[in-house]
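> What follows is each chain in one-letter form.
2 protein chains.
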Amino acid sequence: MRAKRSGRRAPRSGDPLWGALAGISGAQNLVAEASRLEEYSEDMAGFRATPAIVVRPGSEDEVRRIVSLAGRRKIPVVPRGAGSSLTGASVSKGAVVLDMRRMDAVLKVDTVNWYVSAQAGITLEDLNKRLEKDGFFFPPDPASSSICTVGGAVAEGSGGLRCVKYGTVKDWVLSLRVVLPNGKVASFGEPLAKNRAGFDLVHLMVGSEGTLGVVTEACLKIIPIPAAKPKRLLLTFDDWRSASDAISQLKASKIMPHMFEFLDRETIQAINKNLSTSEDEAEATLIVDIEEPSLGAATEIFERNGARKVVMAKDANEEEAFYQIRSMAYLAIRGLGKAVQVEDIVVPVDRLGEYLMKVKEIAAKRGVKILVNGHAGDGNVHPVILYDEDDKKSRAAAFHAFEELCRYGISVGGSITGEHGVGTQKAKLLREQMKAHEGEEALRLMKEIKKVFDPEGIMNPGKYVEAA
Amino acid sequence: MRAKRSGRRAPRSGDPLWGALAGISGAQNLVAEASRLEEYSEDMAGFRATPAIVVRPGSEDEVRRIVSLAGRRKIPVVPRGAGSSLTGASVSKGAVVLDMRRMDAVLKVDTVNWYVSAQAGITLEDLNKRLEKDGFFFPPDPASSSICTVGGAVAEGSGGLRCVKYGTVKDWVLSLRVVLPNGKVASFGEPLAKNRAGFDLVHLMVGSEGTLGVVTEACLKIIPIPAAKPKRLLLTFDDWRSASDAISQLKASKIMPHMFEFLDRETIQAINKNLSTSEDEAEATLIVDIEEPSLGAATEIFERNGARKVVMAKDANEEEAFYQIRSMAYLAIRGLGKAVQVEDIVVPVDRLGEYLMKVKEIAAKRGVKILVNGHAGDGNVHPVILYDEDDKKSRAAAFHAFEELCRYGISVGGSITGEHGVGTQKAKLLREQMKAHEGEEALRLMKEIKKVFDPEGIMNPGKYVEAA
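Protein chains in written order, with our numbering: chain V, 247 to 714; chain A, 247 to 714.
Some hints here could point you the wrong way.
[What the hints assert, rightly or not] Pairs of lysine-lysine, BS3-like flavour, derived with a Cα cap of 25 Å:
| # | chain 1 | residue 1 | chain 2 | residue 2 |
| --- | --- | --- | --- | --- |
| 1 | A | K411 | A | K467 |
| 2 | A | K500 | V | K475 |
| 3 | A | K475 | V | K477 |
| 4 | A | K375 | A | K354 |
| 5 | A | K681 | V | K354 |
[Stated by the list, open to error] Restraint-style ranges between C-beta atoms, simulated for each label pair:
| # | chain 1 | residue 1 | chain 2 | residue 2 | range |
| --- | --- | --- | --- | --- | --- |
| 6 | A | E600 | V | D380 | 19 to 27 Å |
| 7 | A | K379 | V | L577 | 44 to 52 Å |
| 8 | A | G304 | V | R641 | 49 to 57 Å |
[Unchecked claim] Which bits of chain V does chain A cover? Going by a derived footprint, with three or more residues having C-beta under 8 Å, they are:
| # | stretch |
| --- | --- |
| 9 | 656–670 |
| 10 | 673–680 |
No wet-lab data here; the hints were simulated from the structure.
Built from N, CA and C at the ideal position, the CB exists for glycine as well.
Given the sequences, and given the hints that come with them, work out the whole structure.
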C-alpha cells in the first residue's frame, strides 16, 4: 500500500500521533497549531502544502523512531532544512515534516584527512565559519548558504557561484548516515580519500530530494582556503553573441575562472532602480574571478570580442561591490513588485548566447518579462520570469514560458536543472528530458530504485522521479 | 531463473550460439578455440575461469544484440577491456565475454565544455595521447594506463598516482551509454558541467565491475595540462613512524602534493637487485611532487621529522628516474621469482604508520614476505604478498595474511579497496566491511539494486555485491 497523500487535520494534544511524537521528541519540539504550521507550508518559490505536524528531532535515534512510526501508520515523511527549495521538494500535504535544524553539531574537523563530519541541520554558513578557524572551507556555495542546511544541500545536490571551479555538492560528499524509510539506519560510503567497497550509494542520495531517506549526518571533503586570491573583473558587452563568444573562448583558452557570473540589462536596471546604484546598463554584464597569471590572456579575449568595459576591482571594497551586483540581483528583482519564478536551466557553454537570445524571444512571444542571470562558466542559466499573480492569463503565460525555457534547453542538449532540482515543479519535464536524452529505461531504473528504498512510498511522496 | 554458472563446452562453428554470435559480429570476431580462449581465462592477478566464447563487438548495436541473446539463453555476459583487473572481476566460467577493444574511437573532444566522449574500448594512454594534442588530459592514471580501457577504468572506478590531487575515475565521469542486461540501451547523466535531473545513475555504474550493464561510451571531464610543473622530491626515513608523521603533517599544513608515493626497504632492495640500481635502502622512501610555493614548507616538515635524505630532482631526467623507482617496483618484485599478490587497502592518512608496522607484524606472524608501496597522500596501501605457489602451506599463509591485512584495515576505519575493487576476491570481506561500518542495510540495498538492473542475474554473475 502506498502512503496516503490526502490532507489530514493537524493532530492535537491528546491525538495518538501527537502523543506518540511527543513521546519521542518532547511536546516542546512539536509544531501542530495551524498558525505555526504556516512557516512549514511554503517553500521559497511559493509551492504550498500544509503538513500534518512538524517534529524537530534532536538525534538520529529520534529520527529513526519517527520514521518507523510514520512507516507503520503509512504517513508521508519529509525531511526539511530551511525550506529554501524552489521546486516544492520540501512541502508535503498531511506529512510529518522533520525540521532537522536542531541537529546542527559539527562532529569532527579532520585537517589531516581533509574532511568535516557534521549533523544534517547545520547551515552551510555556520559550517564554513567553523572550518575557517582551521583555514579550510567547503566550496559549494548556494545563494541560500546563510540559511540552507547540509542535509538540504545534499538532498538537492546544490551548486553555487564557486562551482564553476570546484563542482557542486555531489563532488564533495564522502559518506552519509541515513535513516531509511523502513526505520533502519545505514551509513553510505567511508570518510576516506578513496573507497571502492560496494556500489556508490552516496551519490544516489545526493540529489534524491528527500525521496530515499533522511540524511542525519554527512562527511564532506574540505580544502584549504587558497593563499592567492584571484582578481575580480567587471565587464559589459553590447550583445549576448559577443559576450557568449568571449565566454566560450575563455574556456577554450584553458582559463578556469573561480567565479563567472552574468546578468542582463533588465537585471542591472532593476538593481539601479531599487538599490540606487548607477551600473552600466549594457545588454550583458559579466563578473569574473581570474587567477593573476591568466589575467592578460583573459583581458585580451574580452577586448577582442568587443567588451565595451573591462574593469578590474582595485581593492577588496570594490571586489565586494562587484559581488554585490550579482548577489543583490534577486532582491532588486523582487522589488519590481511582481511575482517571480527563478528558473534553472543548463546548456552547453558554447550554446549560451543562442539560449539567452531564445529566452528573450520566448518572453516576447508569451508577453511576460524574463530577466536572466546565472553561472556563465558552466552554462547554468537562471531565467527569472515576472508575472502578475492575480491575473490568470499572466500566470498561464508564465507557465508556458517556463515550459518552453525547459524544452528549448533540452533541445540544445541541456538539462532542466543544474542546481535547484525537480520536486513537484519539473516532474513532467524530467520525463521529457529522460525520453529525449537518457531513454525511458533510465527513468524506469530510477523508479525501481525508489521502490527498493521506499516500498511503502512514505518518503516525500508524489514528487520527482516517482511523479515523472 | 538465475543464469547458469557451470562450465559449458566452448561452442564451435555449427553450434547455435556460435552461429548466432557470428551472425551479429562476424565469425572473424569470435574466439572459441581453447588455445585462443586462454588469453581471456585469467586476469592480471591470476584469477582463472574459462569463458564459453569471446566476441569482439564493433558497435553498440552489436553489444545490444549480444546481450539480448545471452539474456534469452540465460548465459552469463562479462564485458572486458584489457583484463587487467586484480580481483577476478573480468573472468567468468562459461560466459560470453565481450572484448570491447575494437570499440576504441574518440567521438568528441570538447575544448569549450571540457570533456571527451569516447567508446569504452580505447586505452587510457591512447585517450590521453589524443587529448594532449589539444593541451588537455584525463587525470586518473592507473598503473595499467597503457593497456587498460575507459570501460574497464569506469567499471573498476580506478585510481592512480595523480589521484591524491585529482581524485579517482568517479570524479571525472559526466555521462555513460550503457547496454542493460535486458538488452535495452540507456544513457545515464548528461555531458554538462551541472545536471540535477534525476537520480545519479552514473556513479552507480562507476565501480559496478560489470555487474549492472555494459558501458559502451563514456563522456569524461578533462582539464588543461597545467602550465607549471611541480617539483619532484625523493626522501628517505629510518622508520615508518617518522615518515608517517611527515605525511600527516604535510597534509595538516594544507599542502596538496600532485603525487605522493611510498615504498619500503624490501621494495627498494628488490629494485636495486633486479634493476642494478643503487638507491638508498632506507626503511621508508617517499617520492613527492610539490608545487614550488610550498617547497620550503614541505622540506622543513620532512627535515623536522628526521628525513635522512631530501633530494630535489635537478632536471627532467632525474624527475623521470625518481618516477621509475616507483613504476618499476612491481616488475622488480616480480623478479624475486615468487608468486605475488598485490593488495589494496585504504586507511586514514594519520593511521598509515601504524598500519604499515602492522603489515610487517602480520608478515612475521604468518611467515610470508610482504613488501609495501602505495599512495601516501590518500592512505592507499598496496601490500605485496610473496608466497610459494607450489607450497600449500605458503599459499594458506598468504591467504590468511591477506585477510588479516583487510580486517586490520577495516578495524582502523579503512576500506578493503581503494582502487582495485572487489570481484570474487573480496566479496566476503566486503560483507565484513559493510557489517562493521555501513550496516547490513547498505549491503541489502546494493543487492536489491543489482536485482533491479539484472533480474536474471546474467551480468558478471556470482561476484562482488551479489556474492557478498
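> Hint by hint, note whether the structure agrees.
Results for each hint:
For a cut-off of 25 Å, the pair hint linking A/K411 to A/K467 stands: about 15 Å separates their Cα positions. For the hint pairing A/K500 with V/K475, the CA-to-CA distance comes to about 16 Å; that is within 25 Å, so the pair holds. With a C-alpha separation of about 23 Å, the suggested pair A/K475 and V/K477 falls inside the 25 Å cut-off, and the hint holds. For the hint pairing A/K375 with A/K354, the CA-to-CA distance comes to about 14 Å; that is within 25 Å, so the pair holds.
Using a Cα cut-off of 25 Å, the hinted pair A/K681 and V/K354 holds, with the two alpha carbons roughly 23 Å apart. At roughly 23 Å, the beta-carbon separation of A/E600 and V/D380 lies within the given 19 to 27 Å, and the hint holds. Separation of A/K379 from V/L577 is about 47 Å and conforms to the stated range, judged on CB atoms against 44 to 52 Å. In this structure the supplied range 49 to 57 Å holds for A/G304 paired with V/R641, their Cβ-Cβ distance being about 54 Å.
Residue count for the stretch 656–670 of chain V with a Cβ under 8 Å from a Cβ of chain A: 10. That meets the three needed, and the coverage hint holds. Counting residues of the stretch 673–680 of chain V whose beta carbon lies closer than 8 Å to any beta carbon of chain A gives 3, which meets the minimum of three for the stated coverage.
The earlier numbered hints are all upheld by this structure, with none contradicted.
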